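Trainee: Respectively, the protein sequence lines represent chains A and B.
Quick note on our numbering: the first sequence kicks off at 1 and runs consecutively.
Quick note on our numbering: the second sequence kicks off at 1001 and runs consecutively.
Mixed in with the good hints, there may be bad ones.
Claimed, not checked - Heads up, simulated SDA-like pairs for lysine to any residue below, C-alpha to C-alpha not over 20 Å straight-line: (1) K98/A <-> K1138/B; (2) K1107/B <-> L163/A; (3) K1251/B <-> L163/A; (4) K1036/B <-> N1097/B; (5) K1012/B <-> V1071/B; (6) K122/A <-> K1163/B; (7) K1163/B <-> L1077/B; (8) K33/A <-> L1122/B; (9) K1251/B <-> F110/A; (10) K1138/B <-> S9/A; (11) K98/A <-> K1105/B; (12) K1138/B <-> F12/A; (13) K98/A <-> N1097/B; (14) K98/A <-> A1237/B; (15) K1036/B <-> I1111/B; (16) K154/A <-> E1219/B; (17) K33/A <-> L1124/B; (18) K29/A <-> A1237/B; (19) K98/A <-> L1128/B; (20) K120/A <-> L1254/B; (21) K120/A <-> G1252/B; (22) K98/A <-> F1137/B; (23) K1105/B <-> F1013/B; (24) K1138/B <-> I7/A; (25) K1138/B <-> K155/A; (26) K122/A <-> I143/A; (27) K1012/B <-> P1075/B; (28) K1138/B <-> V4/A; (29) K155/A <-> E1219/B; (30) K1163/B <-> F1137/B; (31) K1036/B <-> H1066/B.
Derived by calculation from the structure, the hints in this document are not laboratory data.
Note that the structure is predicted; figures quoted are calculated from it, not measured.
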Amino acid sequence: MTIVLDILSDGFFAAIAAIGFGAISDPPKRSFKFIAILGAIGHACRFCLMNYFQVDITVASFVSALIIGMGSLWLGNRIYCPMTVIYIPALLPMIPGKFAYNTIFSQIMFLQNMHQPDLKAKYMEMFFSNGMVTFTVIFLLAIGATLPMFIFTKKAYSLTRRLFTRINP
Amino acid sequence: MIRNETSLQQAKFVAEYAAHLMGCGIHTSRVIRNTKRIGEALNFDLKISVFQKSIILTILDNESQHTFSEVVEIPNLPISFKHNSELSALSWEAVDNQLNFEQIKEKYYQIISAPRMNALLLLLLVGLANASFCRLFKGDWLSMFIVFLATVAGFFVRTQLQKRKVNHYIIFIVSAFVASFCSSAALFFDTTSGIALATSVLYLIPGVPLINGIIDIVEGHTLTGISRLVNALLLIACLAIGLSFTLILFKGGLI
Chain A
1 MTIVLDILSD GFFAAIAAIG FGAISDPPKR SFKFIAILGA IGHACRFCLM NYFQVDITVA
61 SFVSALIIGM GSLWLGNRIY CPMTVIYIPA LLPMIPGKFA YNTIFSQIMF LQNMHQPDLK
121 AKYMEMFFSN GMVTFTVIFL LAIGATLPMF IFTKKAYSLT RRLFTRINP
Chain B
1001 MIRNETSLQQ AKFVAEYAAH LMGCGIHTSR VIRNTKRIGE ALNFDLKISV FQKSIILTIL
1061 DNESQHTFSE VVEIPNLPIS FKHNSELSAL SWEAVDNQLN FEQIKEKYYQ IISAPRMNAL
1121 LLLLLVGLAN ASFCRLFKGD WLSMFIVFLA TVAGFFVRTQ LQKRKVNHYI IFIVSAFVAS
1181 FCSSAALFFD TTSGIALATS VLYLIPGVPL INGIIDIVEG HTLTGISRLV NALLLIACLA
1241 IGLSFTLILF KGGLI
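Model the full assembly from the supplied sequences, consistent with the hints where possible.
Mentor: This is the structure in structure tokens:
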């Protein structure tokens, strides 16, 4: 029971985060509910995979991004929004921001401890592991969400087309 | 000759449309597709090369067989997904309904002059978003509240500085410092203060250019993709600098 509650609360807070961070980039009003739904599903999926199935953060992010991408293709068609308008805000809560600035911090600490070999090695290792996680996760998030665009190219490219308003074919 | 005058105007409009799309944070392949579609509606054949600061268009008027060359600078606009979807829809509408130039132009200016979201509501949403982010990192309710206040303060400073057209690197350093400084109040309470400090600046992470950059690289527009990623990286470095001031002041160390 607590597991279900954990997953639900993770999805709930991820939805709020997706809406808020998405709102900075001014999405159309009609897309907000879908951003919330996909953000919740994606983040909750990653949470499950990482905590209960011991999947690492990169693969878990990729799978969640793939789900978000498929969802955005399906829902984008309903509200005439391009896929990126829905999936980028939904991906925002999954961007590893903490790893990103820890990379910079370990760089600073490395330079501060140049004369102590053991600390130097430690911060070098931190720099690479943080940087690697940041880059790989962001890369796989983007690839996972974009993959449906490569598979269903024709549909993905015409999501904003309102055929019913066509006057004379 | 008269046809040439109007063609030139139309060519300039197509260039402006492309520059606007690129400026408000849309991935490159979509900008090219949409612009070509608008060109098709105006009976133009377009060749486009996109760089990080400018776009070069060669426009062939199918009717008069004249070519025009346009170079436009990409303006620095705030990211807008609304413009993305509405302007994409406009390009389809122009082709499907065979809109004329005046109609396209009117709709274009209507779309780009539409107001953005209410500033106060945005402030509230961003604050809530970052507070729930704190929750996702296992912060407790008090930390969430402190992060909410810190984010509101930081985001307010950011919008005010943006209005005054301050250099955006300085904006990032200052607003990261303000947000983390406010959230350092958590150190005085018995709460998850480390998480509060670490998450208070995450609203500044430039997620949209990061993802757009990767999409661009994967689709073969490596130049614009790398430039987006590099810009985002510089902003993250500024964020880290702003946060490091607070950490050195209150915690005496970065990690």
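Trainee: It remains to establish, for every hint, whether it holds in the given structure.
Mentor: Evaluated hints:
1. In summary, the hint linking K98/A to K1138/B is supported, as the alpha carbons are separated by about 14 Å, within the 20 Å threshold.
2. For the proposed pair K1107/B and L163/A, the alpha carbon gap of about 18 Å is at most 20 Å, so the pair holds.
3. In summary, the hint linking K1251/B to L163/A is not supported, as the alpha carbons are separated by about 60 Å, beyond the 20 Å threshold.
4. Proximity of K1036/B to N1097/B is assessed by CA-CA distance (about 16 Å); at most 20 Å being required, the pair is judged to hold.
5. For a cut-off of 20 Å, the pair hint linking K1012/B to V1071/B stands: about 9 Å separates their Cα positions.
6. Distance hint between K122/A and K1163/B is unfulfilled; the C-alpha atoms sit about 42 Å from each other, more than 20 Å.
7. Taking the CA atoms of K1163/B and L1077/B, the gap is about 12 Å. The hint holds against a cut of 20 Å.
8. About 16 Å separates the Cα atoms of K33/A and L1122/B, which keeps this hinted pair within 20 Å; it holds.
9. At roughly 18 Å between alpha-carbon atoms, K1251/B and F110/A fall within 20 Å of each other, so this suggested pair holds.
10. Pair hint K1138/B plus S9/A holds up; C-alpha atoms about 11 Å apart against a cutoff of 20 Å.
11. For the hint pairing K98/A with K1105/B, the CA-to-CA distance comes to about 44 Å; that exceeds 20 Å, so the pair is violated.
12. The hinted pair formed by K1138/B and F12/A meets the criterion: a straight-line CA distance of about 14 Å does not exceed 20 Å.
13. In summary, the hint linking K98/A to N1097/B is not supported, as the alpha carbons are separated by about 48 Å, beyond the 20 Å threshold.
14. Taken as a hint, the K98/A and A1237/B pair is honoured in the structure, with Cα atoms around 12 Å apart against an allowance of 20 Å.
15. For the hint pairing K1036/B with I1111/B, the CA-to-CA distance comes to about 19 Å; that is within 20 Å, so the pair holds.
16. Pair hint K154/A plus E1219/B holds up; C-alpha atoms about 15 Å apart against a cutoff of 20 Å.
17. The straight-line distance between the Cα atoms of K33/A and L1124/B is roughly 17 Å, inside the 20 Å bound, and the hint therefore holds.
18. Among the hinted pairs, K29/A with A1237/B is inconsistent with the structure: their alpha-carbon atoms are about 32 Å apart, more than 20 Å.
19. For a cut-off of 20 Å, the pair hint linking K98/A to L1128/B stands: about 18 Å separates their Cα positions.
20. For the hint pairing K120/A with L1254/B, the CA-to-CA distance comes to about 15 Å; that is within 20 Å, so the pair holds.
21. Distance check on the hinted pair: K120/A and G1252/B sit about 18 Å apart at the alpha-carbon level, within 20 Å; holds.
22. The suggested pairing of K98/A with F1137/B holds, with an alpha-carbon distance near 10 Å, which does not exceed 20 Å.
23. With a CA separation close to 8 Å, the supplied pair K1105/B and F1013/B stays within the 20 Å bound.
24. Our distance criterion of 20 Å between C-alpha atoms is met by K1138/B and I7/A, whose separation comes to about 13 Å.
25. Taken as a hint, the K1138/B and K155/A pair is broken in the structure, with Cα atoms around 40 Å apart against an allowance of 20 Å.
26. For the suggested pair K122/A and I143/A, the alpha carbons sit about 31 Å apart, so the restraint of at most 20 Å is broken.
27. Annotation: proposed proximity of K1012/B to P1075/B holds, straight-line Cα distance about 15 Å (limit 20 Å).
28. Proximity of K1138/B to V4/A is assessed by CA-CA distance (about 16 Å); at most 20 Å being required, the pair is judged to hold.
29. With a C-alpha separation of about 17 Å, the suggested pairing of K155/A with E1219/B holds against the 20 Å cut-off.
30. For the given pair, K1163/B sits about 32 Å from F1137/B by alpha-carbon distance, which is inconsistent with the 20 Å threshold.
31. Simply put, K1036/B and H1066/B have alpha-carbon atoms about 17 Å apart, close enough for the 20 Å limit, and the pair holds.
Of the numbered hints listed earlier, those contradicted by the structure are 3, 6, 11, 13, 18, 25, 26 and 30.
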